[in-house]
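Asker: Chain by chain, the residues run as shown.
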Amino acid sequence: MCDTCGCNLTPGNRALVEPGGHLHRTPGGHESVHVLEGLLAENDHQAAHNREHFARHRVLAVNLMSSPGAGKTALVEASARAMADGLRVAAVVGDLATENDARRIREAGIEAVQICTDTACHLDAHMVHDALHAMDLEAVDVLFIENVGNLVCPASFDLGQQLDVALLSVTEGDDKPAKYPVLFRAADRVLVTKADLAEHFPEFDRGRVEHRLAELANAVPVDAVSSREPATLGPWIDWLRAHWSALPAAGERFAAR
Amino acid sequence: MHELSVCRGMLRRVEAIARERGAARVTRVVIRIGPLSGVVPELVERAFPVARAGTLAADAGLTVERVPIRVDCPACGHTGEASLERLACPSCNSPDTRVAGGDELLLTEIEVEDDV
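Protein sequences appear in the order of chains F and Z.
Residue numbers for the first sequence, in our numbering: 58 to 314.
Residue numbers for the second sequence, in our numbering: 597 to 712.
So that you can see chain Z by itself, here it is in the shape it has in the complex (with noise of 0.2 Å):
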């Protein structure tokens, strides 16, 4: 699936940003994932690993944050978390909702060290 091609544009950025920092390597890298992203988080946890190898990240461990889908009602006011099979209104049964969580898919924040 797509989850090995979003881990190596993600370990191009990270590179980058540790580059720009002079550092000399990556220790983790903390992403976030929202199910609407149409992002798996335990494909992208099984794709990182391959995708690591020899990137300034090759040691680096991976977190991955889950976070739920909600929406919010303009219709009735209601706002809380929704499933994947259902975006509508679940007070309400409107189908008129906005998306106010869950299409995340984020690079939240990287560690890096120097060489000592």
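This is chain F alone, in the form it adopts within the complex (with noise of 0.2 Å):
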């Protein structure tokens, strides 16, 4: 059996290298090759390691995706703030330029890292992993993953994070999930922020906004929430507790290897 005479070929596998079949290859050294596999190969194969690192530490890793303006960073310190007597918070920041937001939570004493995009509208897996080495995940419980202010590109990039959570102000219009559809209706949990602005904004419907998740086939809960008034965020943070209790013991899952 040869590769030379074609004795090596059978009724069998002869299709394979017939013209279209997956092993065909012209006199012309002409090949096609199948492949299917995730276009975003590189970056999931780099959020699959990420998503190993936080299993191994413990660590629930939360993205948030939001417009630019919405709240997320505010959203962060809060919540830091609400969980600080049990649950050790650090943040991954990302931006185009400057290291504002990193500083702003830095000084409200939570670790942070920012990550600057330069002209990138999203995070990737690999922007986040070269982040987290700049971080002792051995310290951090929950690991919020603060996305470049964009309602579309961050929806396409798998970080490695177990959770997206949608953020939408109420100065934003209530149809953005609408607007957004690829982003909203993959989001694990939606936060109407800014709620103590609703009284100035009466034509923000917090219904509609799940009516619209509803049409997505997104039946998530929707919390509206304020990081002025912790008490608004009492049902978000109970979430998180939840999700990070309900993590596997850290080595667990690799106690095979």
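By construction, these hints were calculated from the structure, which means they are not laboratory data.
Treat the hints loosely; a few may be bogus.
Claimed, not checked - Here are a few chain Z residues that sit away from chain F, every Cβ distance over 10 Å (derived from the structure):
| id | residue |
| --- | --- |
| 1 | 605 |
| 2 | 666 |
| 3 | 674 |
| 4 | 675 |
| 5 | 677 |
| 6 | 684 |
Claimed, not checked - Okay, the calculated bits of chain F under chain Z, using three or more residues with CB under 8 Å as the criterion:
| id | segment |
| --- | --- |
| 7 | 145-153 |
| 8 | 208-215 |
Claimed, not checked - One side only, chain F facing chain Z, incomplete, derived with CB under 8 Å:
| id | residue |
| --- | --- |
| 9 | 86 |
| 10 | 91 |
| 11 | 92 |
| 12 | 93 |
| 13 | 239 |
| 14 | 276 |
| 15 | 280 |
Ideal Cβ positions, reconstructed from N, Cα and C, are used throughout, including at glycine.
From the two separate chains plus the hints, produce the assembled complex.
Answerer: As structure tokens, then:
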């Protein structure tokens, strides 16, 4: 059986090397290679690696996504304060430029690493991985990954997080889930932020947010929260605590290795 | 937008696959995109000529297969096409549908060539 005279061809495998077959190679050296893998395989591979890091250190990683100015940084600060009695919080913060948000979060006493993406409109798994090297995950229980303010691109990149959270402030339209369906349909929880301003924006209807999420076949909880009013954060914080508590013990998943 | 970084990441994989086969160049890249992937086919087609420059795929063509959104409804058993605006069941209005297609973002095939 050899590749020279064709005696290795059988009725069973002949179709593979004939025109249209996966192993077809013309005399001119032309070959068609069947691949079928994720277009973002590089990113997905790195995201899986990040996920292993989080599991090994028993870290709950939460991807926060919203338009710019919806209150992600304020939510990180307020959530860290609310969890200060039991959970250690850290943050990775993405912006095109400046260290402003990380500095602000550090001033609130929370470990934070800034990622400057230059021109990139989203975080990817490699950027998050590099940032993790600047952080001691052994000293972290909940890691907020504050994505670049953008309701489009962040939805396409897995970072290795366990939870995706979408924020929408009352000063924005309540039709945001309908306008940005790719991001909102995959959110594990939706937070309506700046609820303290709701009285000034009577046109914002939280019921419509829920209705539009239902249209996207996403029945996740929607909370109205205000980072200035810690009492409003209760259900959100309870949800984070429950997810953290449900994580397997550190190393458990890797014990078999 | 992010289509250029999508193209660049894809081309790194395409080059790696071509090198594994000992090919001299890539002549075609075939990808499959659904609307729920968040990647816009037209923008990928525009970004591809920029991203392929200087790679083994510098002269490669790009074929984008567009696939529709499909949902299954466990509540009423309906299965069929849906839209980006409405993923709930078109038949019984249940919001508990499952996406059965339309979130694809796949590299399906590449064509390579040896030096002759």
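Asker: If a hint holds in the structure, say so; if it doesn't, say that too.
Answerer: To see whether the hints hold, each was checked on the structure:
1. 605: The assertion about residue 605(Z) is violated, with a minimum of 5 Å to chain F.
2. 666: 12 Å, holds
3. 674: Per Cβ check, residue 674(Z) is outside 10 Å of chain F; nearest 13 Å; holds.
4. 675: 14 Å, holds
5. 677: Correct as stated: the minimum Cβ-Cβ distance to chain F is 14 Å, above 10 Å.
6. 684: 5 Å, violated
7. 145-153: violated (count 0)
8. 208-215: Satisfied; 5 residues make the cut.
9. 86: The hint holds - residue 86(F) has a Cβ within 8 Å of chain Z, the shortest such distance being about 3 Å.
10. 91: 6 Å, holds
11. 92: Hint on residue 92(F): holds, closest Cβ of chain Z at ~5 Å, below 8 Å.
12. 93: 5 Å, holds
13. 239: 4 Å, holds
14. 276: Hint holds; residue 276(F) Cβ to chain Z Cβ min 5 Å, cut 8 Å.
15. 280: This interface hint is violated because 18 Å lies over the 8 Å limit.
In summary, the numbered hints that this structure violates are 1, 6, 7, 15.
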